[in-house]
Amino acid sequence: MAEAEGESRDWAEMPSDALAAVFGKLDVTDLLNGAGLVCRAWRRLAASDPTLWRRVDMSHHGDIMEDDEAEAMARAAVDRAAGTMEAFWADSFVTDGLLLYISERASSLKSLQLSMCLNVSNEGMAEAMKGFPHLEELDITFCSLYGDVCASVGKACPELKCFRLNERYTFQMEYVAPDIMDDDTEALGIASNMPELQELQLIGNKVTNDGLMSILDHCQHLESLDIRQCYSIQMDDALKSKCARIRNLKLPHDSISDFKYRAYIVSNGAFSGSDLEVDMYDDLLDVVTDDFDADFDDMDDYDDAGSDGAMYDDEFDI
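For the sequence shown, my numbering gives the first residue as 784, with consecutive numbering after it.
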């Protein structure tokens, strides 16, 4: 009995399939900066099993680490996926350069979610989209991407089924000149280039009745439509009739209490007392999930490495 209690285990000898199942529950930070640094065996599996990197969620990393650190991690994850990545979700640290890097190495990507990425331009987005021919879901929330970006995305991604283009600033029409509020550029780009759409979210968009009618006419597979805070839209009888076939419909004045990023929306005083008048600090807790420490140093090693993931490969021999 005493011998059994004193027996030690060599965790490096854990079966690879069991270890892979455990690693599959970890996020990018834990894999690169934690489990992957325990021993050579763990490091080898974390670096060589592309299935661990098919879905990379870095949607809160911009809040807990420097942008260059987060970008280095993202590039390493893309390298380790070895062309098998199917989903990439991230926030403010994404740039044109990183997006193009992913585009050139992840042509099998099916889901891309970007939030508050102010360093991604229309031109950079259009160029990167050319590398994602199988993309089915695209979420662009508060990213300063407007105008012809929808046409560029639609042309490059013919299999797109879910598209979200959400804007941060919303104002009721009586407070803003109509020529500033009304803009159907994005709506017409969607109507003309995204015929396979099933789900569309346009929170805070400047779309008008004409633009929405065009979307409804051309996107025949549309089942879910979210136009909350699109205050240029007036739900007249014609538009109500067009929207009757939509199974899940959210209208301009509907509550945004279930919108993940509602705390970031900037609106005018007309909404005082509504669900938009939220406690910023409490709501941000809903957006940022785990406030864990990300000790991700040695950026000089990353800059000197021969490849984007090499800074991790030098920690242990693989």
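Don't take each hint at face value.
What follows is a set of in silico ranges between Cβ atoms, one per label pair, in the way DEER data are often shown [to be verified]:
#: 1; residue 1: Lys1023; residue 2: Asp832; range: 45 to 55 Å
#: 2; residue 1: Asp851; residue 2: Asp1041; range: 30 to 40 Å
#: 3; residue 1: Gln1003; residue 2: Leu1034; range: 12 to 22 Å
#: 4; residue 1: Gly880; residue 2: Glu1006; range: 29 to 39 Å
The hints are simulated quantities; they were obtained by calculation from the structure and are not laboratory data.
Think of the CB as a built atom: it goes at the ideal place given N, C-alpha and C, for glycine as much as any other residue.
Against the structure, the hints:
The supplied range of 45 to 55 Å is met by Lys1023 and Asp832, whose beta-carbon atoms lie about 52 Å from each other. Judged by the Cβ atoms, the range 30 to 40 Å given for Asp851 and Asp1041 holds: they are separated by roughly 34 Å. At roughly 21 Å, the beta-carbon separation of Gln1003 and Leu1034 lies within the given 12 to 22 Å, and the hint holds. Between Gly880 and Glu1006 the beta carbon distance is about 36 Å. The supplied range of 29 to 39 Å therefore holds.
Hint check: no violations occur; every hint is consistent with the structure.
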